[in-house]
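Student: Sequence:
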Amino acid sequence: MKSPEVVSEEQVYERYITVYNRRVSYPSQLKKERIFEFDVVGHPKANFLFTCIFPISFNCDKPQVTVLREYCWGTDQMLYTLPTGGFDPSKHSCFEECARSELSEEAHLQGGRLVRLLPDDHPGIAESKWCANRFIPFLVIDPEADTDPGPREDEELIEVHRLTLDELDEHLHSGYFCQPAFTTSALAIRELRSMGRL
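Residue numbers (the UniProt record's numbering): 1 to 198.
Treat the hints with caution; some may be incorrect.
[Unchecked claim] With a straight-line Cα cutoff of 30 Å, these simulated BS3-like cross-link-like pairs (lysine-lysine) come out:
no., residue 1, residue 2
1, Lys45, Lys129
2, Lys129, Lys2
3, Lys32, Lys2
4, Lys91, Lys129
5, Lys129, Lys32
6, Lys91, Lys45
If you are wondering where the hints come from, they were derived from the structure by calculation, not from laboratory data.
Predicted model only: the values in this text are computed from it and were never measured.
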């Protein structure tokens with residue numbers, strides 16, 4: 001099937017999130033053109049890209065994963081997630097640097113072996129069908145405590161938790177885990193199994 005074609009796009013709102021009105025022409029078996037308008041949201045200042053990081057430590061009795069419980073204003077809930085943050089071209093030279101920054105700021109961790117969970121030429125996983133943002137998932141093995149972490153954003157209300165893999169599995173299937181973190185967890189666990197670490 002032929003792909004739809006973007007006819008036009010205009011910015012209609014900008015604050016923390018930018019909203020666009022995107023007009024799309026759908027292919028049709030009939031001669032008549034079908035055009036639809038969609039609200040599309042995203043973060044252009046972050047090049048519509050962010051990272052999500054799965055930190056796991058093996059230097060304890062059982063492997064432990066560092067997760068966050070964070071206030072999510074859209075659903076007005078405290079939800080479980082992973083260290084996550086936007087790619088800032090003025091601060092980050094690459095996605096790995098972005099991942100390390102978020103690991104420090106949100107989870108107060110540093111170092112460890114950082115593994116990108118997508119090929120280098122992958123554009124990133126779509127956040128949702130109505131959002132222009134994409135994310136690059138990472139795994140970090142055996143990070144250490146950061147005694148001088150980067151500052152969090154003022155509005156970030158975060159609790160840091162360490163979970164065993166069994167506890168993580170319960171949380172992942174509770175329905176209270178943010179989607180990018182859920183996807184990153186699944187990819188990280190698969191990668192760890194392929195490494196023979198799980």
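Student: Would you mind marking each hint as holding or not holding in the structure?
Tutor: Here is how each hint holds up against the structure:
For a cut-off of 30 Å, the pair hint linking Lys45 to Lys129 stands: about 20 Å separates their Cα positions. A threshold of 30 Å between alpha carbons decides the hint, and for Lys129 with Lys2 the separation of about 18 Å falls inside it, so the pair holds. Straight-line distance between C-alpha atoms of Lys32 and Lys2 comes to about 15 Å, which keeps the hinted pair within the 30 Å bound. Distance restraint check for Lys91 and Lys129: the Cα-Cα separation of roughly 28 Å lies within the 30 Å cut-off, and the hinted pair is therefore satisfied.
Restraint check: the Cα-Cα separation between Lys129 and Lys32 comes to about 26 Å, which is no more than 30 Å; the hinted pair holds. Taking the CA atoms of Lys91 and Lys45, the gap is near 12 Å; set against the 30 Å cutoff, the hint holds.
Violation of the numbered hints given earlier is absent; every hint is satisfied by the structure.
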